[in-house]
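4 protein chains.
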Amino acid sequence: MQKRVVGVIGAHECSAEVEEIAHNLGRKLAKVAEILICGGLSGVMEAVCKGFKIEKGLTIGIVPTYNKEDANKFVDIVIPSGLGFARNVLVVKSADVIVALPGKEGTLTEVAYALQFKIPVVSLNSWDIPGVIKVATVDEAVEEVKKRI
Amino acid sequence: MQKRVVGVIGAHECSAEVEEIAHNLGRKLAKVAEILICGGLSGVMEAVCKGFKIEKGLTIGIVPTYNKEDANKFVDIVIPSGLGFARNVLVVKSADVIVALPGKEGTLTEVAYALQFKIPVVSLNSWDIPGVIKVATVDEAVEEVKKRI
Amino acid sequence: MQKRVVGVIGAHECSAEVEEIAHNLGRKLAKVAEILICGGLSGVMEAVCKGFKIEKGLTIGIVPTYNKEDANKFVDIVIPSGLGFARNVLVVKSADVIVALPGKEGTLTEVAYALQFKIPVVSLNSWDIPGVIKVATVDEAVEEVKKRI
Amino acid sequence: MQKRVVGVIGAHECSAEVEEIAHNLGRKLAKVAEILICGGLSGVMEAVCKGFKIEKGLTIGIVPTYNKEDANKFVDIVIPSGLGFARNVLVVKSADVIVALPGKEGTLTEVAYALQFKIPVVSLNSWDIPGVIKVATVDEAVEEVKKRI
Numbered sequence: 001m002q003k004r005v006v007g008v009i010g011a012h013e014c015s016a017e018v019e020e021i022a023h024n025l026g027r028k029l030a031k032v033a034e035i036l037i038c039g040g041l042s043g044v045m046e047a048v049c050k051g052f053k054i055e056k057g058l059t060i061g062i063v064p065t066y067n068k069e070d071a072n073k074f075v076d077i078v079i080p081s082g083l084g085f086a087r088n089v090l091v092v093k094s095a096d097v098i099v100a101l102p103g104k105e106g107t108l109t110e111v112a113y114a115l116q117f118k119i120p121v122v123s124l125n126s127w128d129i130p131g132v133i134k135v136a137t138v139d140e141a142v143e144e145v146k147k148r149i
Numbered sequence: 001m002q003k004r005v006v007g008v009i010g011a012h013e014c015s016a017e018v019e020e021i022a023h024n025l026g027r028k029l030a031k032v033a034e035i036l037i038c039g040g041l042s043g044v045m046e047a048v049c050k051g052f053k054i055e056k057g058l059t060i061g062i063v064p065t066y067n068k069e070d071a072n073k074f075v076d077i078v079i080p081s082g083l084g085f086a087r088n089v090l091v092v093k094s095a096d097v098i099v100a101l102p103g104k105e106g107t108l109t110e111v112a113y114a115l116q117f118k119i120p121v122v123s124l125n126s127w128d129i130p131g132v133i134k135v136a137t138v139d140e141a142v143e144e145v146k147k148r149i
Numbered sequence: 001m002q003k004r005v006v007g008v009i010g011a012h013e014c015s016a017e018v019e020e021i022a023h024n025l026g027r028k029l030a031k032v033a034e035i036l037i038c039g040g041l042s043g044v045m046e047a048v049c050k051g052f053k054i055e056k057g058l059t060i061g062i063v064p065t066y067n068k069e070d071a072n073k074f075v076d077i078v079i080p081s082g083l084g085f086a087r088n089v090l091v092v093k094s095a096d097v098i099v100a101l102p103g104k105e106g107t108l109t110e111v112a113y114a115l116q117f118k119i120p121v122v123s124l125n126s127w128d129i130p131g132v133i134k135v136a137t138v139d140e141a142v143e144e145v146k147k148r149i
Numbered sequence: 001m002q003k004r005v006v007g008v009i010g011a012h013e014c015s016a017e018v019e020e021i022a023h024n025l026g027r028k029l030a031k032v033a034e035i036l037i038c039g040g041l042s043g044v045m046e047a048v049c050k051g052f053k054i055e056k057g058l059t060i061g062i063v064p065t066y067n068k069e070d071a072n073k074f075v076d077i078v079i080p081s082g083l084g085f086a087r088n089v090l091v092v093k094s095a096d097v098i099v100a101l102p103g104k105e106g107t108l109t110e111v112a113y114a115l116q117f118k119i120p121v122v123s124l125n126s127w128d129i130p131g132v133i134k135v136a137t138v139d140e141a142v143e144e145v146k147k148r149i
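Residue numbers (the numbering used here), protein chains in the order written: chain E, 1 to 149; chain V, 1 to 149; chain X, 1 to 149; chain D, 1 to 149.
What the hints contain is simulated information worked out from the structure, not anything from laboratory work. All C-beta atoms in this analysis are idealised placements derived from N, C-alpha and C, irrespective of residue type, glycine included.
Not everything, but these chain X residues come out facing chain E in the computed CB check (under 7 Å): (1) Q2; (2) V78; (3) I79; (4) S94.
For reference, chain E alone in the conformation it holds in the complex (with noise of 0.2 Å):
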């Protein structure tokens, strides 16, 4: 049976409250999915792929080269893509529910792929386009999620 999979997406540098609401959610995440996928690089994606580890959980990242180095320490598994930012089709698609954290114009990419496939997106002070579901916490993040995975 395929595993449950949960998405998080974000920027690759964020501020200190952003990576804390980040790792706080990883950790939160990790008690409701299986498996963890994202970009696989730093900011929001370390942060969230750390708290997801530090409880067990399984984290796979899609990075945009094909340099496995590249990944965060805390993927365990790399699939360094070489896709460049086409990429982030994978990264989406690959998830049952995405959350998205705060980010720019590639996070706001995964979020309109997300919408177009159908994907619930929880956006967590994140893009607000119609059709995401808008929380202010990171607990009511992982409700949604978990009514969805």
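Got chain E; can you put chains V, X and D on it based on the hints?
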């Protein structure tokens, strides 16, 4: 010397009104660009290709499938990418400047990619994302393209 | 620390004999690698996943479509890439070492990519291209993988 | 009506002799095809583009990076795919017929993809894989292209 390339993005299904706008846009863009690149399908893409070809421009369509027959009949050169929606990256990155017409989430992925790549996006009644150049008419859109190509 | 990943490539349709070999290969590879990555479909891919899972290994399938249901039932984690045959690059590049079983041109693209990436290719009655490590039995193949992972 | 497209594949580094052959091939292909598509880089790709342009053909280069400047100067239209070696699929699939000149594993991936797609591959001293059409001279290669485009 590389040719000047304009990209046009928008829905594969559109109203008669948007189709008319796309057609006019295509005709007028042919005065300022040598090549039109788009996703190669129906709706906005077909109408803009038709207009561009009437004025002797050359049209390229990067379609999501492996089937050249999926391109509309006004596409001169089909790139049957087989990449699905990941082909959106290529449509955007191949252009020197983008005009966005109304579209859904697929169009939003392209707007976001263009902004991420620092490629100018002229939005004619399309997504209003920070960074786009908003215009209200075809003539204004063509004027903005002309300045940037 | 990143997991040790073995990739297995081969035809999506195969004889009962090759299926048996793939199954045995899967079982024995689970002793030397934590993760099996493959194209996720039927034939060689299904048989090797089945064997690998019997021995408690974790299987990843990168399928060409957007449909997770296209993966065989022994895939734990599906990456529904939507990239068509371009997904072959990702299958190969994600692995630390590749075992090639009999296959057609699709398998040849993967052998060639692996050689280009300098990823070792153990060929068990598969394509004989300069640079591959030719072996005649499952045990020899596993031995070669063990040395290189 | 879609244009007739010939694809040429081969190494990005080549001997003066192969360069001369590629150049002559480009000149002669311009008599039978309107569009030349290739990987857009140096070596065989540059020489064939140069020849094709001398005879007023239009050249398209699908480069692996996001940088249009990576294309050789005889490419009229650059598709800066950012897909890495996955762009090989697009080079091949966009062509009605392929001519393969000497190349390494990258060229082999393209030969194999073409065979998988049932696109004719004319091999001029390149890989000898079951299914390719082997020829010994530029004139023979052009003759085979002419029959199939």
